[in-house]
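*Asks:* Residue numbers (our numbering), protein chains in the order written: chain A, 9 to 503; chain B, 9 to 503.
Hints are not guaranteed to be accurate.
As the list makes no split between identical chains, a pair holds if one copy fits it or if it spans any two.
Lysine to any residue pairs mimicking SDA-like chemistry, simulated, CA-CA at most 25 Å apart [to be verified]: (1) K200 - E360; (2) K200 - W182; (3) K256 - M472; (4) K256 - P499; (5) K200 - D277; (6) K256 - D176; (7) K256 - A283; (8) K256 - G202; (9) K256 - E453; (10) K256 - E396; (11) K200 - V69; (12) K256 - G477; (13) K256 - A106; (14) K200 - P181; (15) K256 - A167; (16) K256 - A450.
If you're looking for bench data, these hints aren't it; they were derived computationally from the structure. Source: prediction; values computed, not measured.
There are 2 protein chains.
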Amino acid sequence: MPDRATAAAPVVVEPEGRPFGGSTVPAELDASGPDAAGRAVLAELAAALDADRVLTDPDVVRPYVHDEAEWAEYGTPLCVVRARTTADVAATVRACAAHRVPVVARGAGTGLSGGANAVDGCVLVSLERMTAIREISAGERLAVVEPGVVNDDLRAACAEQGLWYPPDPASAPWSTIGGNVATNAGGLCCVKYGVTRDYVLALEVVTATGEVVRLGRRTAKGVVGYDLAGLMVGSEGTLGIITEITVKLRPARPAAPRTVVGFFDSLADCGAAVAAVTEQGLQPAVFELVDRECLAAVNAWRNAGLPTGAASLLIAQTDLPEPAAQAEADAILAAFTAHGATEAMASTDETESEALFAARRMAYPALEQLGMGMLTEDVCVPRPRMAEMLARIEDIGRRRGVRIATVAHAGDGNLHPLMLTPHDDPDARDRTRAAFDEIIGAAVELGGTVTGEHGVGLLKRDGMERELGPEVLALQRAVKAALDPDGILNPGKAV
Amino acid sequence: MPDRATAAAPVVVEPEGRPFGGSTVPAELDASGPDAAGRAVLAELAAALDADRVLTDPDVVRPYVHDEAEWAEYGTPLCVVRARTTADVAATVRACAAHRVPVVARGAGTGLSGGANAVDGCVLVSLERMTAIREISAGERLAVVEPGVVNDDLRAACAEQGLWYPPDPASAPWSTIGGNVATNAGGLCCVKYGVTRDYVLALEVVTATGEVVRLGRRTAKGVVGYDLAGLMVGSEGTLGIITEITVKLRPARPAAPRTVVGFFDSLADCGAAVAAVTEQGLQPAVFELVDRECLAAVNAWRNAGLPTGAASLLIAQTDLPEPAAQAEADAILAAFTAHGATEAMASTDETESEALFAARRMAYPALEQLGMGMLTEDVCVPRPRMAEMLARIEDIGRRRGVRIATVAHAGDGNLHPLMLTPHDDPDARDRTRAAFDEIIGAAVELGGTVTGEHGVGLLKRDGMERELGPEVLALQRAVKAALDPDGILNPGKAV
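Whole structure, please, built from the sequences with the hints as guidance.
*Replies:* Here it is as structure tokens:
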């Protein structure tokens, strides 16, 4: 995922652009005004909500209409409701349900698939002001938060009590827990500690009819009824709007990690090293890959002196208690060396550990210096096929004439090829689009998925159809129809 | 969960007995024969399946008609299909769907809630013969198995490759992975390593129309579409029949565990010790409680010399690498002592560790020696309220005149009060029934759930209604109706 600096760069959406199919995409807010249903909803919202909740001024509304997915279409909302309470959300959905007006929920808008983008005539419900951390319990190892709590804020509050909320998407400094849950966000440490789904215990949800329900449980275990809380995770606002989240926590990790790095001239060697680490039962808490394009960018930006011929860099961290950490670091280092690493080393203290991790941290900022458009992919393949997928990505880039830089969560087989496209170059744009589609196809061919952690949103709808097939899509749609019969919740997204 | 010796004891279901509501329960197979729909299904099954698949002889069918839930009603099936392939299952469901005949799937029948019990006129699909372990991959850390694979068999096969499948219900020597997934089984080590749900990556499922679909993914991560694989976990055969399971594995644990025990004279002290362990960030891999009734039974059976006045025994195991295990064991021991343990000790070697764990292992066999009927409860409360729940259980037992022995997964707040009832004593039976209901009510009052790991089946339907409330039940039923519109899959169970 791009760092904020990328994300904050202006998102260029051309008025005529419908890059991935779908309806007409107005670039500016629609001047024709709301229709009868829209006017009725606006009147009901004005009656039901405090005046400061409902935003209709186009200049104020504009920043809310899309997330950070480059090239994903977006429409013109009726208004933005900046909810402060569950009651605000419920009243909004009830008004929309009564008039069959679409409702699109959003957190911080850091998504990369267009899942939070406005559709024409919708009410955008922003949950950014619902920022209360209602409870952090060491005895129950859980936290109860409103959806607008920023991931890093929750993590900091937990740390104060010796607790840890592991999911750490790259957007953690800005993205919200509600958005993380709605997209089942991943991150660096999910290779060992799992994704958002693994931490959600319970949810308060506003349903498609505007009812408020509590799903899941507060207890450590529970198997009563279908796992509807789990079903909501990753559903991208299409089954309900999440207004409170109860997450499991872990005890804080005591040790600073040890970091091991290895440079590889060959992708095959690099893949073999990743496989060896997995097969030997090692469990790095972070296991990342940075490809040759990223390394070149970091060298160019910071004169970092990284090996210029390297095809890739692997970076692993272990967080076991000592001396097990030392033993695990040694074993990872041995695996890197045994599988052809041209240079490999392990940190002996925290400063060294930080230094060895720097190339990963610098990758995105370095790529941003190139001043090009960046379209982020998010495919995930079975771990043993990661090197093959990387080779395919390089080949696709070469054949299509697209510069692609890849960062990967190597231990998960989750790759983020970043397609770099010159601005104002329609031909380059077409080639990028073709490369994007081809990468998706390659991931499916290798037994992988078209989205490892970013979500389907708008950009991966076609890919989802390719991956799941008609029977499973029909089941998905049946579930959607059961919980949102009128299709008002984030229509056109995900399913 | 009771050990097998308990489970194998004859389940007494009286012909007139409808202990928890529901339809008439015939004790013997119905002699009146199938109706027209039933005859049509039998004819289609005879045409579609090999002759050895379809069982209709009442003596052969009888062992299949119920699971191990005492007092749960069961009906008379049309036949049993002992499926060997997914195609067998699909053909069976298609025949049933065509004639709206109910289908009830079962694994080993070790369930404790009646979830696999026959309903009148159903086709029972037994998956016990689908026992292939199709794949175990160290590189992908996953296994692909048929549903009839016995839990312990999978664990043994994984161990041969240095891998570990953690979910370990007490039924692991007999219960199947398919059944474990259908009920989202827990076990001892889920306090640290999670329940079955946390290990299911993908499922092959036969839908209510007899279609074969693949849900979930093989990759480490993936967020494409709704999590229908997760939805199937714990759905007790009411949404589909699981015919193949892909589970995540962990590396085998290198060390033998260290065991720490503490005896407590007061439930409040014991609860405080459990809370202290959690609050200090310790993570025992097993954290069990054995109550005074169990201790007395073990003493009576084996003259074990356990402290006679003790209200409870806590048993914790740590599986960290040394010397972290030593440090964690010391910290747990200190917590036990600081919170009033009258005796407490930690193992220094494997033999001692086994010896300290013996009281837990002996609890169920010792209770069986009493020769009484045993009804197992399965409530789960927030961890800090476990001692309060235990006190309530003791009080309920006293007031109702029911002998209740409790084993608990203390670290999860998951209690298994075992109600001991003399055979052929209708009055004692009524009192037990009342105690069962009262315990369920108390768990809900304390913010807990009516089933931590056994499932709803038949015995917890009323409890589920109390716990979830009408709005959430309506959502559950909407999902059921979406995926099984004719209601043929395990009707009357779970939802």
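*Asks:* All hints, please: hold or fail.
*Replies:* Hints, verified against the model:
In the homo-oligomer, the alpha carbons of K200 and E360 lie at most 25 Å apart inside one protomer (22 Å), although the nearest pairing across protomers, at 32 Å, exceeds that limit. In this homomeric assembly, K200 and W182 come within 25 Å of each other (Cα to Cα) only inside a single copy, at 23 Å, whereas the closest approach across copies is 31 Å. Taking CA atoms no more than 25 Å apart as the test, K256 paired with M472 passes between copies only; the shortest distance there is 23 Å, against 30 Å inside one copy. Neither within a single protomer nor between protomers do K256 and P499 lie at most 25 Å apart by alpha-carbon distance, with minima of 31 Å and 33 Å respectively.
Taking the shortest Cα distances, K200 and D277 sit within 25 Å of each other inside one copy (23 Å), while across copies they are farther apart (35 Å). Taking CA atoms no more than 25 Å apart as the test, K256 paired with D176 passes in both settings, with 14 Å inside one copy and 21 Å between copies. Proximity of K256 and A283 under a CA criterion of 25 Å is satisfied inter-copy only: 16 Å between copies versus 30 Å inside one chain copy. Both within a single protomer and between protomers do K256 and G202 lie at most 25 Å apart by alpha-carbon distance, with minima of 12 Å and 12 Å respectively.
Taking identical chains as interchangeable, the C-alpha atoms of K256 and E453 lie at most 25 Å apart only when they sit on different chains, with a minimum of 21 Å there against 35 Å within one chain. In this assembly of identical chains, K256 and E396 lie within 25 Å of each other by CA distance solely across copies; the values are 22 Å between and 36 Å within a copy. With identical chains, the CA atoms of K200 and V69 are never at most 25 Å apart, being 40 Å at best within one copy and 46 Å at best between copies. With identical chains, the CA atoms of K256 and G477 are at most 25 Å apart between copies only, with a shortest distance of 24 Å across copies and 34 Å within one.
In this assembly of identical chains, the alpha carbons of K256 and A106 never lie at most 25 Å apart, being 36 Å within a copy and 44 Å across copies at closest. For the homomeric pair K200 and P181, the shortest alpha-carbon distance inside one copy (21 Å) is at most 25 Å, but the shortest distance between copies (29 Å) is not. In the homo-oligomer, the alpha carbons of K256 and A167 lie at most 25 Å apart inside one protomer (14 Å), although the nearest pairing across protomers, at 29 Å, exceeds that limit. Within a single copy, K256 and A450 get their C-alpha atoms only as close as 36 Å, which misses the 25 Å cut-off; across copies the closest is 24 Å, which meets it.
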